[in-house]
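Trainee: Chain by chain, the residues:
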Amino acid sequence: MAPVVWLRSAVSVLGRFPALAGVTLDASPGEIVLVQGPNGAGKSTLLRACAGLVPVVRGEAIVLGIDLVADRLPVRREVAYVGHASGLYDEMTVADNVTFWSRAAGLSRDISAASVMASMAIAARLADVPVGKLSAGQKRRVSLALAMSRGSMLWLLDEPHAGLDADGRDLFDAAVRHAARELGVCVMLASHELERAESLADRTITLVGGTVHAAPAAENAPAPQVGAVEPQVTHVG
Amino acid sequence: MAPVVWLRSAVSVLGRFPALAGVTLDASPGEIVLVQGPNGAGKSTLLRACAGLVPVVRGEAIVLGIDLVADRLPVRREVAYVGHASGLYDEMTVADNVTFWSRAAGLSRDISAASVMASMAIAARLADVPVGKLSAGQKRRVSLALAMSRGSMLWLLDEPHAGLDADGRDLFDAAVRHAARELGVCVMLASHELERAESLADRTITLVGGTVHAAPAAENAPAPQVGAVEPQVTHVG
Amino acid sequence: MWGDAALVAAKDLRLELRSRVVTNQIAPVAVVVLMLFGFGLDADVGVLQKVTPGLYWVTVLLMALLAIGRSVDAEATAGARDMLRLSGLDPAAIFLGKAAALVAQLLVLEAMLLMGVSLFFHATIKGYVLVFVAGLLGTVGLASIGTLYGALTGGTDSKQTLLPLLFLPAVAPVLLGAVRAFEGAFGTNPHPDDGWPWVRLLGVVAIVYTAVGTLAYGPLLEGSDPA
Amino acid sequence: MWGDAALVAAKDLRLELRSRVVTNQIAPVAVVVLMLFGFGLDADVGVLQKVTPGLYWVTVLLMALLAIGRSVDAEATAGARDMLRLSGLDPAAIFLGKAAALVAQLLVLEAMLLMGVSLFFHATIKGYVLVFVAGLLGTVGLASIGTLYGALTGGTDSKQTLLPLLFLPAVAPVLLGAVRAFEGAFGTNPHPDDGWPWVRLLGVVAIVYTAVGTLAYGPLLEGSDPA
Amino acid sequence: MNSPVPEKFAGTSASRSTQVLGAVAIVGLALVTFLGLAATGEDQDQKNYYRIMYVHVPSAWLAYTCFGICALASAMYLYKKTQWWDLVAGASAEIGVLFTGLALATGMLWGKVTWGAYWRWDARLTFTALMFVMFLGYVTMRRMPAPFEVRAKRAAITGLIGVVNVPIVHFSVNWWRTLHQQATVLRPDTDVKIDGLMLFTLLLSFAVFHVLYVWLMIHRFRLGYLEDQVESHGLERAIAERQAEARGPVPVGAGQGSGQ
Amino acid sequence: MKHAGFIYGSYALTFGAVVVYAVRIKARARKLAKDLAPKDQRWM
Ligand code: HEM
Ligand SMILES: Nc1ncnc2c1ncn2[C@@H]1O[C@H](COP(=O)(O)OP(=O)(O)OP(=O)(O)O)[C@@H](O)[C@H]1O
Ligand SMILES: Nc1ncnc2c1ncn2[C@@H]1O[C@H](COP(=O)(O)OP(=O)(O)OP(=O)(O)O)[C@@H](O)[C@H]1O
Ligand SMILES: [Mg+2]
Ligand SMILES: [Mg+2]
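Chains as they are written, first to last, in numbering that gives the first Met the number 0: chain L, 0 to 236; chain E, 0 to 236; chain H, 0 to 226; chain Z, 0 to 226; chain U, 0 to 259; chain X, 0 to 43.
No lab work stands behind these hints: they were computed from the structure.
Hints are supplied without guarantee of correctness; some may be wrong.
Said to hold, decoys possible - Taking lysine-lysine pairs in the BS3-like style, the calculated list, with each CA pair at most 30 Å apart, reads:
#: 1; chain 1: U; residue 1: LYS7; chain 2: X; residue 2: LYS25
#: 2; chain 1: X; residue 1: LYS33; chain 2: U; residue 2: LYS111
#: 3; chain 1: U; residue 1: LYS7; chain 2: X; residue 2: LYS30
#: 4; chain 1: X; residue 1: LYS38; chain 2: U; residue 2: LYS79
#: 5; chain 1: Z; residue 1: LYS49; chain 2: H; residue 2: LYS125
#: 6; chain 1: X; residue 1: LYS38; chain 2: U; residue 2: LYS80
#: 7; chain 1: U; residue 1: LYS111; chain 2: X; residue 2: LYS25
#: 8; chain 1: X; residue 1: LYS38; chain 2: X; residue 2: LYS25
#: 9; chain 1: U; residue 1: LYS79; chain 2: X; residue 2: LYS25
#: 10; chain 1: U; residue 1: LYS80; chain 2: L; residue 2: LYS132
#: 11; chain 1: U; residue 1: LYS111; chain 2: Z; residue 2: LYS49
#: 12; chain 1: X; residue 1: LYS30; chain 2: U; residue 2: LYS111
#: 13; chain 1: X; residue 1: LYS38; chain 2: U; residue 2: LYS111
#: 14; chain 1: U; residue 1: LYS7; chain 2: X; residue 2: LYS38
#: 15; chain 1: U; residue 1: LYS111; chain 2: H; residue 2: LYS125
#: 16; chain 1: E; residue 1: LYS132; chain 2: L; residue 2: LYS132
Stated by the list, open to error - Covered by chain E, per the in silico footprint, the following chain L stretches (three or more residues, Cβ under 8 Å):
#: 17; region: 28–38
#: 18; region: 56–66
Values in this document were obtained by computation on a predicted structure and should not be read as measured data.
Ideal Cβ placement from N, Cα and C applies to all residues, glycine included.
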């Protein structure tokens, strides 16, 4: 199967700093890939680049069949991304937030806020509490539940375990496994909780200084099909 | 030795919600106490109450010899607290932030920003980067380094491991052990990474629904000395 | 796209309903500002009446700035911007929705302010239709410029650019046109033209900026947080 | 305490230097407001000159509102407030430092505005000393009242906007005194008194509110985060 | 602290004293209305409009009293830190807002008939309006949810600052010579200028309004106390509920806290 | 009387507002007191 994420010497720059300094990477449908590495290695930037939030300025990047170098905007609505910050509206209640973001994502009106909340076992009493009042873990659960409800084929999760309690972790891991195994979703997660994350992942990639340090398998898939893109090799650094 | 943290049926309210619903707890100098429990159990609120950031409205609370029910303000400058959010000024550089907060805490001018940064192995190149640009783990390191530099006898750390890489964790654990063993600092940490945290802690307390669910030892220390406080038992509920 | 715009507008109005900042807090402020103007210029009633349209629109501008601040703050955190970008909402829809919510809030404020002005400044409205049309068009112009301006200033890095200076030439014609139109409507205009010609200016500006916003909001939302 | 105050003031000014919100965002708004009045009243220079002091201070007031909002925003996130509370900084020092930084920023704006006014409104300054003293005292009054109320209303769910509701009424005497003093200095005062008596009022307000702020800032900072 | 409420008054904020005060206030107001609208004669230049005075002036003065008491109670709160003083301050300020509003409204009606406009840019009018807005802010602030001590301390400081407006309003006519009536009764030189019956009516009205104030204060204070009580009972209940939640089945993964 | 409406109106407004306010606080007190035991209803 064609890789969902296909990067060849991808470079991304934050300010003037090349947070990704030439990353080559394949991830296939149904695969759970753990991205690990020291602080500041570029893990978050890698996930954000795949989500189309950060431009890839050198190299090649094709995600979900979309060429990010040519136009990264279309990929955004296709991925499910959870970053370090929640981005929910603090002043709006949990239910209102869930409803708004589900509608915005074009989810069917049949999917109720309650059912989204239930997917991460968020207590019903919290539905009417403003998100700003939630505990860290409760907020995290809302973000994860929203992301997982999008029906995306690529999940990009930045330290998803952070803040979750034991139950939450089990629930989350089960959801990820189910998505990968049953639905063929490709999951990339960055994490520092190596034991937990490695037991969940099929494969681990170590990022150091913006480049892949050690990947167990050589990345050798051919470029996936894209609209009208000639694979041009522009290796940098 | 008199306990550093001495709580008896302490209640704290957020909005109208009793996030702490009667917590009884002792923590002694040199002790590392892990606070665990499900999301929303009140771990963060407990740490914030001990730091004097959230009022204790029922019960008794004496921290570092200061009666929090009578006046919780004096305790604030005595503790080292790191919460979920960093609170650093995003627009100011790391060095400027470190300098400002160290001076504010009354640290000697001899202690340079570089030496504070070194305590959590923060790369020197980051000194001139605005804090808002740092990666999650880098930011966490700055917060921890600042807290640990205050020379406080009570460290209140909310999920300190979150965001730290393997090196950072080792560094942090070593610093905590050193502070507790050599300097007699009392450390309370909330965490969901039970394995790591339990290996660091001397004792684990489980908080569920705002009350201590299972503490291995009965809390039976007498009230520590305080200015002019009669220990009055005001159990609630 | 219209559905998305309605969704966003409803969301912004819901945020307002929850906090009631505009109705309960910005509105009284508007009244107080008017009073300060009135008292600051009390010297003679003639001057006061002459400057009433100007004071009215300056007050509206201040209210608009506060309201825009609120509208921008809602999406100000890095996380919220990401969510919005990933949401699948058409940027044009986001722009239209946010501007519409702003128009709704400002119109309520302006109606109140108009009552205040006629009570306290003894302004007598001679042309109701003119006031209504000029008010509406001026508000649409302000709201769309404001929403654009918000996108420019919302991201952290753009604060260091001079982009916000664009606000200046954009908002000046709106305020000017609106003031002139109101001078016509209040009968305080020394010139014989009755204000309607200015309405055309307001209409053009409203249309142009709504169009510009609809097209440019995407790139702005995009470019406003380079980190 | 003075050292702490200087530390806080330096920090606030550094934040402004990095973000340039006052220079890039607030100053243009001030220019728009002045232009608006200028165009609105250009027909008659006599009126324009008569109301110049009033317009000047009303504009200063608007800018002060925006700048105070900014100063409050710096500590608006939950984390930043916690840090400040735990910092061991004397609240009085925080107050003095924040107010001083605000005074510095406002003085720069006022100087620019003064040039604008004399250029566009043909205002001729007759009493430079009076303008300077009245401007300084008025600004100190504005800044201390603003910082005080910023703490009073910051951190609540409705931060920027409860602020003006409480701030504007308190600020009325400042505005009044400053306008009268400037009328004296610009020679537009119809009354023969030359404006100096008003400086006394400004001085009293500045001193009273600086004192109140120094004493009350602690409890206010304390109380401002109800959650 | 709590003494039993007589059976008769249970479930209300009334008591023997409020019944008496209420009766006195009603009789007094009836008398003031009679004297004010019928018994007193016409004024030379004001004709009959001046009759508004008997409600306008006492309202304004009572507002001063209200804010004065609010400030006093605020200071006492900061000194004693008791709920009683906080409640007194809050009750007094709220009543003060009511009467400032009435002084404004009646003044505007009066202005319409004498000046021909509801509003003029006069120092007293402006500062009265500002005082109104300020205490409106005070009352709003008291309603924002916050822990008791936090809210009370903030309110106390705001109340103390707000009272500065009272002398400003009072002396504004001397500082800025303007339209509004200069002091007629409370003049520095005690040479009272108005007719005997008019003066009596005005003073009576003043007294009656203050009786009304005491009556309102008692009720508003009791309401404030009830609000605090309900809140604290709600808290007890919430604490009990949360403790029950804790005693319930231990969530998986959360219960095996063992320590060493 | 000329302008009788304004004169009577001011009296009516004053007394009316006081009555409305009084009725409202008394009603609210009644409502809140319902949930409290008599001993908890009064400060003194
Ligand atoms: C909106 C309009 C008005 C407001 C806000 C207002 C406000 C006040 C206030 C606050 C006072 C108490 C002054 C003090 O003793 O400190 C007062 C007193 C008084 N007002 Fe007015 N007023 C208004 C209109 C008028 C008008 C139109 C008249 C009659 C021409 C009037 C006649 C008086 C008189 C006779 C007193 C008693 C003065 C004294 O003995 O000090 N007021 N008013
Ligand atoms: N404007 C800038 N100037 C200099 N360096 C920058 C700038 N913006 C970002 N960086 C650097 O880019 C890197 C971003 O890395 P990223 O956030 O992807 O790290 P990460 O691997 O997710 O780290 P963590 O484990 O801490 O989350 C950091 O090293 C950061 O210091
Ligand atoms: N205004 C409010 N209304 C209702 N509930 C609230 C309010 N504010 C806080 N809470 C609740 O109080 C609790 C706060 O808990 P706290 O943040 O201490 O949890 P925690 O144990 O740190 O959880 P986590 O593991 O997720 O960090 C949460 O359950 C939250 O939902
Ligand atoms: Mg990261
Ligand atoms: Mg927590």
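Trainee: For every hint, state whether the structure bears it out.
Mentor: Verification of the supplied hints:
{"no.": "1", "hint": "LYS7/U to LYS25/X", "in the structure": "15 Å, holds"}
{"no.": "2", "hint": "LYS33/X to LYS111/U", "in the structure": "46 Å, violated"}
{"no.": "3", "hint": "LYS7/U to LYS30/X", "in the structure": "16 Å, holds"}
{"no.": "4", "hint": "LYS38/X to LYS79/U", "in the structure": "25 Å, holds"}
{"no.": "5", "hint": "LYS49/Z to LYS125/H", "in the structure": "27 Å, holds"}
{"no.": "6", "hint": "LYS38/X to LYS80/U", "in the structure": "23 Å, holds"}
{"no.": "7", "hint": "LYS111/U to LYS25/X", "in the structure": "34 Å, violated"}
{"no.": "8", "hint": "LYS38/X to LYS25/X", "in the structure": "18 Å, holds"}
{"no.": "9", "hint": "LYS79/U to LYS25/X", "in the structure": "29 Å, holds"}
{"no.": "10", "hint": "LYS80/U to LYS132/L", "in the structure": "29 Å, holds"}
{"no.": "11", "hint": "LYS111/U to LYS49/Z", "in the structure": "28 Å, holds"}
{"no.": "12", "hint": "LYS30/X to LYS111/U", "in the structure": "41 Å, violated"}
{"no.": "13", "hint": "LYS38/X to LYS111/U", "in the structure": "51 Å, violated"}
{"no.": "14", "hint": "LYS7/U to LYS38/X", "in the structure": "13 Å, holds"}
{"no.": "15", "hint": "LYS111/U to LYS125/H", "in the structure": "21 Å, holds"}
{"no.": "16", "hint": "LYS132/E to LYS132/L", "in the structure": "26 Å, holds"}
{"no.": "17", "hint": "28–38", "in the structure": "holds (count 3)"}
{"no.": "18", "hint": "56–66", "in the structure": "violated (count 0)"}
Violated hints, in rising order: 2, 7, 12, 13, 18; the structure is consistent with all others.
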